[in-house]
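Chemist: Residues per chain, in single letters:
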Amino acid sequence: MSMLTRRLLIAATAALAFASHAVAQDKSIVVASTTSTQDSGLFGHILPMFKARTGIDVKVVAQGTGQALDTGRRGDADVVFVHAKPAEEKFVSEGFGIRRHPVMYNDFILIGPKSDPAGIKGSKDIVAALSAIKAKGADFISRGDKSGTHQAELNLWKIAGIDIAKDKGPWYKEIGQGMGAALNTASASNAYVLADRGTWLSFKNRGDLGIAVEGDKRLFNQYGVMLVNPEKHPSVKKDLGQHFIDWLVSSEGQKAIADYKINGEQLFYPNASDSGA
Amino acid sequence: MPDGPSALQLVLSGDPALFAIVRLSLYVSLSAVALAALIGIPLGAWIALTRFPGRQGVIVLLNALMGLPPVVVGLAVYLALSRSGPLGAFGLLFTPSAMIVAQTVLVTPIIAALTRQTIEDLWIEYRDELTAMNLGPLGRVMALIWDARFSLVTALLAGFGRAAAEVGAIIIVGGNIEGFTRTMTTAIALETSKGDLPLAVGLGLVLISIVIVVNALAWSMRRAGERLAG
Amino acid sequence: MRAPSSELPIQFHGVTVTAGGVTILDDIALTLASGPPTVLIGPNGSGKSTLLRLAMGLLAPSRGRVTWGGLELVPPLKRAIVFQRPAMLRRSAAANLRFALRAAGIPHAEHARRIAELLELVGLHALADRAARRLSGGEQQRLALARALARDPAVLFLDEPTASLDPIATKAVEDIIRTVSERNIKVVMATHDLGEARRLAGEIIMLHRGRIVETGAAASFLDAPQTAEARAFLAGELLI
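Chains as they are written, first to last, in this note's numbering: chain Y, 763 to 1039; chain Z, 33 to 262; chain B, 969 to 1208.
Just a sample of chain Z residues kept apart from chain B, beta carbon distances all over 12 Å, derived: (1) LEU50; (2) MET98; (3) GLY99; (4) ALA112; (5) SER116; (6) ALA121; (7) THR224; (8) SER252.
Covered by chain Z, per the in silico footprint, the following chain B stretches (three or more residues, Cβ under 8 Å): (9) 1038-1045; (10) 1051-1060; (11) 1065-1076.
None of these hints come from the bench; they were simulated from the model. These figures come from a predicted structure and were not determined experimentally. All C-beta atoms, glycine included, are put in the ideal place defined by N, C-alpha and C.
Let the sequences and hints guide you as you build the complete structure.
Modeler: Set out below in structure tokens:
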């Protein structure tokens, strides 16, 4: 690259930075969160209330839990709002987040084709269902993207006593994409897939899919929120970010979460007061 | 919102969110093309007119870079603009500016490579005349760029098409933030992942229509200009 | 701003041009002085165009020297050339002239007047705003002449200026050349049209296979050529 080009690039970057600084004058924070919260429509419901109350714009970047935590680790978000408790605790213990607050839970459900090749429909035992899927070699779609849902899925295989890395066969397909893409794939190939209820309820391309297993306690999916450590990244908007966290766990925020429904069905259950969650 | 509106309804009802998305898409892609033109046209002209060691390699590289994978560019720009990256202090990640940077990187090689080809062909035709007029290097470049302007419009359109169509780079560096960095293509990706395929297809048709309109405008300008200037 | 006659005489001192192992001009010694037009004749490939390029300064000799008013490497500020197939800029006829005026450093205030004069001189004033590349062959050739004259040259080189033109267009171009010559601009032109040489030349130089075969005043050369090659060429025989 020529000297001139490099200079032009730097000048252009500076000009853009100047322009975006002007925009950044208003109050806004970046929240790295998960595709499941975004795709479920929860943010569309609660963020306008938060904005009305505080005047703060919340910009949600929806990623897999692993990528969202990495975004926080790099200092590119002010708040991280995800669902993979062990990974969150590691994030805090490494000093990237200040403190983890439990916010709410929803639940995972096992989605499968109406033909139900594994014969598990209506079961409340996810472990038995997964064992049946493996025994029958029924098609199963895995997110395979290190997301919270993916990690929950891997954990469930482990509980079922199946070493999926070793035992997987052609019936087990890792697609390395988000929840919606996994559902689209399952719909197209009539496979089982583990999904969060929120994404499922707002998902429109269901085809022959339906809920196969739900209600098992082991399918509960806890969400936590953390402020990115401003000592690691001085650019973090500490006060605005803390404001958002405080609101989420306040009675007002918790009520807003509980009030979000699709077709009359509640998606997320607030539990900020449960310190062990 | 399980039964959301279709794209057609959004267009017909003048949905402000949709128009904000269209506006942002055009703003990002047109800005990127403008910046890429500022870099790529002089760069392409310079390569066309200068002989230096390794020039053939540079031309091959430039032509190859026309096919840069957007996701790779997105990742590279992400790492550069991240708070932990070399340009992190500017705080550009997850802003429209970051998307402009990424698309500029994508589009610049296209404009530079097509400019290089156009200017080089024109230079073969003009070389004797411009040399006989004792024109300096700058004067030559300006004359060639001006006289190639109608062909360069095609290069700009190719760049715009690339920018308007890509999703891989801007979804990484922009974050697809609703009302802030959501463009036509990232919205289509989102609606697809939500399983709302009819809305995704509808948005795709809107995007294609916009690209056609921009091309038609540029083409008619080119035709009108050519009639006047030959 | 006519420079002191630094351009003339143009002298070739033992000039040889080779390209890719082929000798295009071979040991040329020549002086182009002020006066009536000098016309280069000779069959295709005899080296006429190369000689014009050397004299214009577009090409450096492989061996030997070219000097302008006794100096080497004189920038072509007061020289102009019309190529056999002039490239028209993708602009209007007037804009082509404006471009040349600007390239020649003519003050902006004079452009409009000069453009009008030049268009008048070559009879294109009605076509000032026409795209240059849409002009006919003869009109393009005349515009190229005007564009070369915009540089206010002391020497004007013309390479086959009427090749592929019909008789009317040829006459228009030749009339312009005569006018130019009368304005004390030295014309050096290449042609393979003997009639044109007869009509315009004051002095004739005949080239064959990169060498000067014969030079002389036009009348004596055309009526009483001294060399066998010149006689054969004038008789219309194929010179190989």
